[in-house]
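> Okay, here's what each chain looks like letter by letter:
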Amino acid sequence: MALSSQQQDPDLRQEVEELRRKHAAAMQYIRAKTDQLLTVMGTSPLRPEELDENTLIELDPIGIISDSFVQVLRHLKDTNEQLQVAHDEITAIFESAGMGILVVDPSLRVLAFNRKIEEQFGLGRDAAEGMICRDLLCRTVMDADCPALQAIATAKSVRREMDLSGRHVDTIATPILDKNGVISRVVLVYMDQTERIRAQDDLKKSEERYRDLFENSTDLIQIVDANGSIQYVNQAWRAALGYGPAEIAGMSIFDVVHPDCTDCGPEFKSIVCGHKGGRFETLFITKERETIAVEGSVSPMFEGGVFLGTRGIFRDITERKRAEAEAAAERERLAVTLRSIGDGVITTDIHGAVVLINKVAERLTGWRQEEARGRRINELFPLKDERTGEGIPCPVDRVLQTGAPCELEGNAILTGRDGRRHLITDSVAPILDRESSVIGAVLVFRDITERKKLEDRVNKTEKIESLGVLAGGIAHDFNNLLNSIIANIEIGLRFAGPDGEVQKSLARAQKASSRAKDLTQQLLTFSKGGAPVKKLASIADLIRDTADFGTRGTNVRCEYELAPNLWNAEIDEGQISQVIQNLVINAVEAMPQGGTIRIGAANRRFGRAEHPALAEGNYIAIVVRDHGKGIPREDLNRIFEPYFTTKPSGSGLGLATTYSIITRHGGAIDVESAVGTGSTFSLYLPASLADAPRPERPTGPLPHRETRGRILVMDDDELIRETAGVLLDLLGYDADLAPDGDRALDMYRRAQQAGAPYAAVIMDLTVPGGKGGKATIRQLLEIDPQAKAIVSSGYSTDAVMATYAQHGFAGIVVKPYTIEDLGAELQRVLGKN
Amino acid sequence: METIEIDIRGQLCPATLLVALKEINARAALLRKGAAKLAFLIDNRDATGTIPESAANMGFAVTVERQDGWYRIEVSAPH
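Protein chains in written order, with the working numbering: chain A, 201 to 1033; chain B, 91 to 169.
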């Protein structure tokens, strides 16, 4: 039908043609636009054969592509938003970064920089943008050192450490490439290291400082880990223990701690537990195996609650320990020395307070060291003047004030705490320190009470000795005079006859002379203490005579218990008589109210060691017993000491003389006494079993004169000579007299030559200024070995008297002698033939 | 996740692209949510260039896998 209508209507045809043309144009347009859009989408145009018009309309490519554009646009928008966020983030990072960031283009023109750059380099934003970065920051940097240029040249990140504007900066330059791989810009990051390097330097310096401190410390410093391995020790530690630095590694603290340190184990555990880190002392062993003492502290080290080890600081105190030990020993030595000193020693401080007091001072003052320490010296040491009784100021105070030593001699009396008084001498010296300042005083004193007594006694002895010499001298002369008096009285008596007043008065004179003789004997014994001139004698008679004599005129009487067959003894009758007399006088004085002295004598045999002072043998025991006041116990062992006396007027010689006489006789004397009951003295004298001679006692008128022989008398004293001559004449001898030894020898020789030798020679022992008997006897015996010489002397001190026989004498007569003494001795000597 | 497979093998390039775009447009919301992905099976070599570029411009992730004589192009949500 359409064909027909085209055919029917040309207009229509024309219109159809028009419509066809417009349709074709529209299709052409759609196809062109579709191709354009496809090109935009990035694909090739549609080929006509690919889509026919209907399909083209139906497919609606423009619609599809439009929809796709919507998707693309949406995606772009999302992307833009994300980019914006990213940009904002980068800007924030850029501005807030802790490092400077600079962006330049390849010609180093500044494009951007952050706030840190402004701060670091003081750049103003307006002034800097568009400038070349080298002109702003690093004007002097060479191209080779410029990180930005290097980054551009190598297209890689370049890092450089640089000094910029006085700051040390770590710079990283990173090139940024565009999509064509061309470097469009360079990002420079500046990290300021100045503070870090300064901190590093500070740390290094600090470390060096501490290392220096540790290494130069004189203390021993160690760090030990939890297993005991040594981590660090300082130079002083190594020096003290003798290890080199290289030897420390691998060492354990247990190589060093002395095994004797028993505290160390528990101590270490305690420290590990964090309990304790106090000071303590221990012993270390050096490499050379020597022990050193150390003192110090150890403390634990923890990190996060975990025990890491210990640090210890020690000091070598070996020297100090040694010095302490030496000082202690020195103190001990000093203390022992001080305490052993025989003098009292007290030291004080500067205030006069007692620091030390030795044993002797303790005894004398009565204060013990513990009580005395710290007290004022005056309290311990009160002094008084011996004569006036007034207080004496303590010399210590004066020395502390003046600093000059002083001495106190003689008269100070120290009264001890117990009230006892001691006569003392003392000296005080200041104790000075190194600067010679007085820091105390030392007082040394001595009890001279005994010494003073001794001195007094010595004085007394000397006095008595000189008295004795005087008395002895007088007695000697007196003896000679007495000899003549006695002899002449005897002569007188013989001529006077038995009755009448003359006889009586001569008898009284004889008795008085006899007493005078005893007195001179006693005086001689006192003064010279002579050796006994022993003769065999009967003790009983001697005791009775002497004791009766001693009690005469007192209210004390003697009772005797004398054994009937008493042995005889070889004794010096004068001396033993003196002994009995002394004992009796003492007994009388012990009984002022009167009483009885019992005197006993008995034979006694002592076995070996039966009596401590007597040899085995026969003795005569004489006991003198009183019931007087007795002798105090403390005096008993002193009564025989010379000059010991309890009597106000006593000489102190009586018992001393007694003692020496008895011991010289080979005997002993004992005493027993109790206060209130009396005293008993026991004497033991060696007995002789020989009979005592019974001297003839010629009485009445002289016997018929007969010549018994010629006797030569040698004596320097004319009176003695003459008297001896008369006595010898009376005894029936012919006497010749010689004044000295030479004359006597001469006469003896002549008599011998004349054929009328002397029967005996009586010689004075000593002839002042001439030859005495002692010197003459030898020559006499040379002339006549058979010569009979009798020695005669008042002195019985001379050893010759005691041992006359050894000197060649045949006999002895002690002046003054009686006619009986002389007759008996001559008879004895001549009868020996 | 659902994979919607569209086989447009045998078509020429522009038409292939247009068909693919039409399918992507129609399922854009699903794809963006990650609820599904599209797998186009094609045998037109040119389309292995045009489809991925267009899908990438729209913000999708695209993978191309060569198969035996054809290609599998997967379009999914952007990463």
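Keep in mind the hints are simulated off the structure, nothing from the lab. None of these values were measured; they are calculated from a predicted model. One thing to keep in mind: the hints can contain errors.
Once the Cα atoms are required to be at most 27 Å apart in a straight line, the calculated DSSO-like pairs of lysine-lysine come out as [said to hold, decoys possible]:
(1) A/K653 x A/K559
(2) B/K123 x A/K277
(3) A/K829 x B/K123
(4) A/K847 x A/K829
(5) B/K112 x A/K233
(6) A/K222 x B/K123
(7) A/K233 x A/K222
(8) A/K487 x A/K521
(9) A/K584 x A/K653
(10) A/K356 x A/K277
(11) A/K734 x A/K711
(12) A/K653 x A/K487
> Determine for every hint whether it applies to the structure shown.
Each hint tested on the structure:
Between the alpha carbons of A/K653 and A/K559 the distance comes to roughly 23 Å, so the proposed pair stays at or under 27 Å and holds. At most 27 Å may separate the alpha-carbon atoms for a hinted pair to count; B/K123 and A/K277 meet this at roughly 17 Å. Of the supplied pair hints, the one linking A/K829 and B/K123 is violated, its CA atoms being roughly 151 Å apart against a limit of 27 Å. At most 27 Å may separate the alpha-carbon atoms for a hinted pair to count; A/K847 and A/K829 meet this at roughly 13 Å.
Distance check on the hinted pair: B/K112 and A/K233 sit about 17 Å apart at the alpha-carbon level, within 27 Å; holds. This hinted pair does not check out: A/K222 and B/K123 have alpha carbons roughly 45 Å apart, beyond 27 Å. A hinted pair counts as satisfied when its Cα atoms are at most 27 Å apart, and A/K233 with A/K222 qualifies at roughly 16 Å. For the proposed pair A/K487 and A/K521, the alpha carbon gap of about 20 Å is at most 27 Å, so the pair holds.
Of the pairs offered as hints, the one joining A/K584 and A/K653 holds, with about 19 Å between alpha carbons and a cut-off of 27 Å not exceeded. A hinted pair counts as satisfied when its Cα atoms are at most 27 Å apart, and A/K356 with A/K277 does not qualify at roughly 34 Å. Taking the CA atoms of A/K734 and A/K711, the gap is about 24 Å. The hint holds against a cut of 27 Å. Between A/K653 and A/K487 the CA atoms are separated by roughly 69 Å; this puts the pair beyond 27 Å, and the hint is violated.
Violated hints for the displayed structure, listed by number in ascending order: 3, 6, 10 and 12.
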